[in-house]
Amino acid sequence: MSTMTELNRTTMHRRRAQYATALLVCATVLLAGCSGDDGNDDAKNRKSEVIVNVDPAEEAALMVPERRFFRDDSPWNQRIDSVNADPNSDRMIELAQERIGVIEGPNGTLDQTRDLVDDGVYINTTRWTVPVVAGGRPTQLVCRQLVCGDGADTTTLNIPDDVDPDPRYDGWYTVFDTSASVAYDLWRARREDENTISYNYMRKWDLNGPGYSPPWTEGARGSGL
Numbered sequence: 248m249s250t251m252t253e254l255n256r257t258t259m260h261r262r263r264a265q266y267a268t269a270l271l272v273c274a275t276v277l278l279a280g281c282s283g284d285d286g287n288d289d290a291k292n293r294k295s296e297v298i299v300n301v302d303p304a305e306e307a308a309l310m311v312p313e314r315r316f317f318r319d320d321s322p323w324n325q326r327i328d329s330v331n332a333d334p335n336s337d338r339m340i341e342l343a344q345e346r347i348g349v350i351e352g353p354n355g356t357l358d359q360t361r362d363l364v365d366d367g368v369y370i371n372t373t374r375w376t377v378p379v380v381a382g383g384r385p386t387q388l389v390c391r392q393l394v395c396g397d398g399a400d401t402t403t404l405n406i407p408d409d410v411d412p413d414p415r416y417d418g419w420y421t422v423f424d425t426s427a428s429v430a431y432d433l434w435r436a437r438r439e440d441e442n443t444i445s446y447n448y449m450r451k452w453d454l455n456g457p458g459y460s461p462p463w464t465e466g467a468r469g470s471g472l
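Mapping to this note's numbering: the sequence shown position 154 is 401, numbers consecutive.
There could be a bad hint or two in this list.
Computed spacing ranges between beta-carbons, pair by pair [to be verified]:
#1 Glu441 / Gly367: 44 to 52 Å
#2 Thr373 / Gln325: 24 to 32 Å
#3 Lys451 / Ile327: 25 to 33 Å
#4 Ser428 / Thr403: 13 to 21 Å
#5 Pro461 / Asp333: 31 to 39 Å
#6 Thr403 / Asp365: 41 to 49 Å
#7 Pro461 / Gly367: 42 to 50 Å
#8 Pro461 / Trp375: 29 to 37 Å
#9 Glu441 / Leu363: 22 to 30 Å
#10 Asp424 / Arg391: 18 to 26 Å
Treat the hints as calculated values from the structure; they're not laboratory data. The beta-carbon is built from N, C-alpha and C at its ideal position, and this holds for glycine as well.
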């Protein structure tokens, strides 16, 4: 998958989140949801009833078997140390450094902003990552919007009780179905009451497939994955 495709998907998801923020004045950018304010002091001081557990309370009963995911000819399973750089590499890196945003003006106009991030590229090995879970008990899934990706036909998955989506980081959440060699990526997921997990978008992955989607296909993450 090309970096330009990843950039376009990143922009698409950011714009979607920013437009939603403009319409829901009380929404925040970093959290998947916020508590309401009805003018009552008790409501202001009330804590959320949902407790986010990002670390498992005990060892998982079902482990995802160690294996090579996706087909042998998948880009994820190819060595690149002997491959020449793409002729457009410099331009694609320049585009990847751009951060495009939308600011809503007082009269409702939308102004696009462009910032250049010159921090370089690195691999994060010490801080937060996406929770990946498998096993557990049947858990109902509820999409919070009309366009749900691959979620229309997926209403229940086996999910452990002790690891929750973390809304501070876009609520990314990956669920493995080891019986079918399939994985599900959720975006802006959060655990609700009554044994349900709600989300804004889902992408289903065949772990024996190519490991990528056709160009311009929306993903659950900005990279399109």
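Of the hints stated earlier, which fail here?
As far as the earlier hints go, 5, 7, 9 are violated by this structure, in ascending order.
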